[in-house]
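Trainee: This is what each chain is made of:
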Amino acid sequence: MAGYVVRRVLIMILLLLLLTAAVFFLFSLLPADVARLTCGKICTDQTIEMNRMRLGLDKSVLEQYWIFLKGLVVGRTFGEGPAAVVCEAPCLGYSFTRNEPVLDLIVARLPPTIFLAMGAFVLFIIGGVSVGVYSALRRGRWQDKGVMGASLIGYSLPSFFIGLVAIYFVIIRWKLLPFPSYVPPWEDPVGFVQTMILPWVVLAILYAAFYTRLTRSQMLETLNEDYIRTARAKGLPERVVVRKHALRAGLTPIVTAAGLDFAGLLGGAIILETIFSLPGLGSLAVSAVLDPDLSILVGVTLVTATFIIVANLIVDLLYAVIDPRVRPS
Amino acid sequence: MATSEAVEAPATEPPEGPEEIQGRSLSQIAWGRLKRDKTFIASCIVLLIIVLVAIFAPFITGLIGVDPYSLDKEAISSSGGKPNGPWGGASLDHPLGVEWGTGRDILARLLYGLRISLLIATTATFLVVILGTLFGVISGYVRGFTDAAIGRFMDLILAFPFLLIILALSGAMTQRLTDLGVPEGNASRITYLILVLGIFGWPYLARIVRGEVLSLREREFVESAIAMGASSTRIIFREILPNLWAPILVYATLLLPTYIAVEAALSFLGVGILPPEPSFGAMLSESVQFFQLVPSYLFIPGTVLVIVVVAFNLAGDSVRDALDPKAVK
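Sequence order for the protein chains is A and B. Quick note: the first sequence uses our numbering, first residue 43, plus one each step. Quick note: the second sequence uses our numbering, first residue 474, plus one each step.
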């Protein structure tokens, strides 16, 4: 088991290196002139040239990549003399439109994104899995058909439309909640919940639809297995049969999907953060697109992709815990 | 779902006499199932109407006497540009009302928006099918080093946060396309969307195809073709590809609605289609400013979008159920 973990971690590090290279080259090769993008509309030729020097864009792409990697490990300094900007390790780059290291910007935007992801995750996993089990146990009856129809519609709803509809009814028409404005939970817990509750529920509805369908199909498959009949024949209570025998066997794909979805959410629910004006990673990315600020985009892309790769690893390791058959020898 | 109504049909055939047993191909079985599937028939009718309306949009708008671009100063108030009359200025001239500030006809914009959405979604899906099948077949047929290389490359693409990368690259890539000679503005934006959706979408399909090819390769009819000295080209095109259409069709029908929603989301975030060209996302994005006063802005394009996506998903679901050889229907 230990060897397996070590091997997987090594592969993960290799993939991360490849990924930084891919992101870096994608972003440094694609735009016509990166330096021109660093300071927006108020650029003079002089500032562009200065930023070109500061960012090291006068060097070759390979050299730039090496400097970038080195910056991740030991930090780096942009420019020379009194105008120099120090970016401490791990340096993900420096945003000249906001005059802040990219990592600081990202860290500052993480809490709303993490709160959104965690709240929605708890809601849609509990909701989706339990409704899926319910639906599978009533297969073919009207409850099952109703759940499947509703989940197909939920699955098809575009997130920005349902978000706007929720704002229209709950906030504007029924005035149940104030307009969303994010405050950290330690400053104003009530205001925090009032802001987060709608995005949590909207996100949960969208994702729960998928988990309901997945859980149902998994349950239907395992409920037909011989060992379920055996378990029932032994006289085990139905509750134990469903939870311990059927659900556990069908859990693997659910865990995979959940791990990847959670990692994806940590990268920022771009659309919902925009609609509910949450200052998270997603809205940072959107504003960096509109600015445009490439160093922020590279940073956010890398951080998000890292979440996904790490989640992949965790999911694979969890397999071994859930399903003894996958346990490597 | 309604598909389960057809369960008993094959089992009730009376076993009298030495009746001839007919072999039926997968497509015959699937078609037999689909013909009896009411959900499928209903969603197909809706889809047919949608596609026809999109294709004949110029003709239809000409018939009603509206068009998506012309500004109607009569329909909006001269101060502030609020549409005259209730329901966003709905009248005989403008059945669904007019746009705030410009007086452009909503119905016409909806029909033209449908055209663009379907154009982008179908072309991108087509691209995914081509790339996914190509790489899937190569990967599964050649195996060995090629397979491993393609596999790791797909891992890398899958690690990218999809929506974020589309957003992040939009500015630079659109610029590049313009430099390459694609007309500036919406032409290069549409090209960008199609390319990026295709390029980041194919690995999922390639994985499915690869798995199918791996198992087909071991089947007797492929072995006998190899034994008879058939060339690889012949085996791939005459023996393997004809057996792949079912999973590819299922994947494509379920991918198309996703891409319609993604296109709308991107236009909503401001990286898709730009006004005055109409699109679902752009219309919904504009509606945000006014939907407190004129909710129909939000609900008309949103509802049409949901109907389109749900109809595609329902049809895709039915096709998948019908083509599933394990299904007990």
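These are calculated hints, taken from the structure and not from any lab test. One thing to keep in mind: the hints can contain errors.
Computed footprint of chain B on chain A, listed as stretches where at least three residues anywhere in the stretch have a Cβ under 8 Å from a Cβ of chain B [as the list claims (entries may be wrong)]: (1) 51–63; (2) 105–113; (3) 195–203; (4) 207–221; (5) 345–353.
Virtual Cβ for every residue (Gly too), placed ideally from N, Cα, C.
Trainee: Now tell me if each hint is right for this structure.
Mentor: Consistency of the hints with the structure:
1. For the stretch 51–63 of chain A, the stated coverage by chain B holds: 3 residues have a C-beta nearer than 8 Å to a C-beta of that chain, and at least 3 were required.
2. Coverage of the stretch 105–113 of chain A by chain B is violated in this model, with 0 residues showing a Cβ closer than 8 Å to a Cβ of that chain against a need of three.
3. Coverage of the stretch 195–203 of chain A by chain B holds. Counting CB-CB distances below 8 Å, 8 residues qualify, and the rule asks for three or more.
4. A stretch counts as covered by a chain when three or more of its residues have a beta carbon under 8 Å from one of that chain; for the stretch 207–221 of chain A and chain B the count is 3, and the coverage holds.
5. With a cut-off of 8 Å between beta carbons, the stretch 345–353 of chain A has 4 residues touching chain B; three or more are needed, and the interface restraint holds.
Hint 2 alone, counting from the list given before, is not met by this structure.
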